[in-house]
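**Q** Here is what each chain is made of, one letter per residue.
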Amino acid sequence: MNNAKNQRDSDIQKKIDYEIRMREGACKLLAACSQRDQALEASKSLLTCNSRIMAYMSELQRMKEAQVMQRVARRSSDAGPMDDRSPCKGKVAISDLRIPLMWKDTEYFKNKGELHRCAVFCLLQLGGEIFDTDMVMVDRTLTDICFDNTIVFNEASPGFELRLELYSCCSEDDYSAGSTPRKLASKLSSSLGRSSGKKLRAALEPGACSPVSNGGAAPLLLPVPPVPGPKYHLLAHTTLTLSHVQDSFRTHDLTITGNEECSYWLPLYGSACCRLAAQPHCMTQQMMSGCLRVKLGGDPQGWTNVYAILKGTNLFCYRRQEDIEANVEPLLTIGINKETRIRAAERDPHSKAQSICISNQYGGEEVTHTLATDCREDTQRWMEAFWQQFFDMSQWKQCCDELMKIDQPSPRKPALITAKQGSLYHEMVIDTSDDIGTVTDILARRIEELELRAQLDAPPHWMSLFEAEAPGSPQNHRNHHHRTARHSPHTPSPRLHSRQPRSPSGLLSSDASLTSDSDSPCSTSPRSHHAWPRDLPPTSGRFRPRTLSLDAKLSTLKAQRGYGGFQCSCQSPSAGSVAPRPSQTALSCSSSTSSNSSSEGSNSPETDLAFSRPSGARRSLRNLRAKLDPRNWLQSQV
Amino acid sequence: MSFIPGQPVTAVVQRIEILKLREGDNLILGFSIGGGIDQDPAQNPFSEDKTDKGIYVTRVSKGGPADVAGLMMGDKIMQVNGWDMTMVTHDQARKRLTKKSEDVVRLLVTRKSLQDAVRQSMMPR
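First to last, the sequence lines map onto chains A and X.
Residue numbering for the first sequence follows full-length UniProt numbering, starting at 1 and increasing by one per position.
Residue numbering for the second sequence follows full-length UniProt numbering, starting at 1 and increasing by one per position.
Derived from the structure by calculation, the hints contain no laboratory data.
Among the hints, erroneous ones may be present.
[Claimed, not checked] SDA-like cross-link-like pairs, simulated, lysine to any residue; straight-line CA separation at most 25 Å:
#1 104(A) to 6(X)
#2 50(X) to 116(A)
#3 100(X) to 624(A)
#4 91(A) to 246(A)
#5 50(X) to 143(A)
#6 50(X) to 338(A)
#7 95(X) to 394(A)
#8 112(X) to 41(X)
#9 50(X) to 117(A)
#10 100(X) to 620(A)
#11 100(X) to 23(X)
#12 112(X) to 78(X)
#13 50(X) to 142(A)
#14 15(A) to 4(A)
#15 50(X) to 328(A)
#16 50(X) to 267(A)
#17 64(A) to 129(A)
#18 50(X) to 100(X)
#19 89(A) to 394(A)
#20 405(A) to 328(A)
#21 62(X) to 450(A)
#22 100(X) to 622(A)
#23 91(A) to 253(A)
#24 99(X) to 89(X)
#25 95(X) to 622(A)
#26 338(A) to 402(A)
#27 50(X) to 264(A)
#28 91(A) to 264(A)
#29 100(X) to 142(A)
Note that the structure is a prediction, hence the values are computed from the model and not measured.
Hey, can you work out the whole structure from these sequences and the hints?
**A** This is the structure in structure tokens:
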């Protein structure tokens, strides 16, 4: 027992050390960073680390107290064999947290002046676990503060208290250097609640807590070396318990600290909505399993051997143990819920085993199943398991009616914030609703530039091949006709014509293909039988997955460039990601094509090789889809 | 280039006249637009004020009618043939530009460089 205690001690100690290191890191980052966002994030981590440290310290304190109490209890030999049943633990998850705001209408509509912005985040604490949500910037254009994170606490007892705290920090603050640690200390300790704060202060008296590596100052005290930077203040808090657990959204009241005078003030409506779900382990894990004999209906003397599993509100009886993995349906499922009555009965006076009778009410009828085990100990164990199950159900109450779904939080995606600020889109010069055309445009431009550059050197000797074969303009016209004949809507011929004077004769056909939005294989038909085996039949009307068409296009381009002797390597893209050497623009086109999934609406997979003005029906479908997706920033070509 | 609701909008504009090019059945202008009051203004890479829901030019095809006329990427279109474009949905904007009955569109566009140039020239030495 001592070992376990010591183990737990050292665990907590390790956690504290880890958090202290994190805190030091956060302080350093805060001191070093120049951007406001980074500073806010660092400050948030700092606050979280601090809270965690305090939680661990108070837990240490509690453990020590418990140890002392136990020793006392043992000495007084007061503790009889108590019916010391403790309920099983469970998972508690809180998700879709939303806090409505209540701006004055004048505030909401005024457009003058700077947006008063606050950075907010939530700190959630249950037992010894503390998690923070992502930071959200709030200004008067927002009606609710939404936190998308799902936070799962793993070891919660039914009597849990989930404390939710909303911290905010005004975003225009001058980072006031040197606000004293004492102020922050009192703020943080008061934010933990008076009693725990007192406990902590007591715990932090020298000597009361285990030695912690710290740079010297009074035992671990409050965290802050005066670090300049944004400081978060507690704006509101609430505590959620088992009674708030439900499989759907509920609104809870918030207690708001702070008033209008504070810089970090936000007009909260006064409530918070969230989904608080709990999965007690008795519902998700196998609480007991073993072999039993069950009397099936019909045959009064017949006993069938089954392998039974007690899980959730059911006792599953499988024919064999292997059936469980094989996902075979159980032979028999007996419901075990609050209304079930279980009793042990003597079956045979001379057999050692007892039988267990489980009675349920189905409809108006009472159905009884009788189970038997091989020996008394087994019976005892099963009865014990049943009692424990009942106890758990009584403790976890509504959570045991049905299993609530908890989605595991996905690994953190890179912050969407940066995208919104335009950094990703700044690079994206391409119009995503017109993908092939634009991609080829960009590539074409690149290629052209390279071409021109290369033209300064002597053209490769084989160019004469084409010069001989393709006498200047007529060839192009033929191309052009090819194209217009095949594909109804326009191909930007002005581009074609305007390009002509610029490019040398030998490379005419490459222009022809590159400038068109249409089937590249088709448009380079005069050349293609030299250049490239026609790997794609001209199917302007046929649906083709987008990446494939891009592939085709780019491989043709590559072929042409290959003929042109250019070194730029545009390998056939895999999964639509392009890596031509040239430039940022080309790279960004890869980001746009591969961001297909995210900005889907405006570039539907129905894009074909051909035409920038697709046929009516397809276009309207695409437009509709694009319009209906609010995440996209539509771009239309006119 | 942000506005105050209810107040007239003032901006330094340039007139651009684009002659549409006939391509078979279609009249094209050779540029792409983005934005609109039904779009998310935060995703607009060209706007200075990220709450600006105006119509911006996101791409100009090289050598196309718009390019020839002097339209530049990043321009905000204020008017098309006299119709206002500062408070329209994306689709309305597109429709106003692509009327089949019109061969020419006269745009009033504004861009930051214009504003800056004017401001520079107005600054006291």
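**Q** Determine which of the earlier numbered hints do not hold for this structure and return their numbers in increasing order.
**A** 6, 7, 15, 18, 28 and 29
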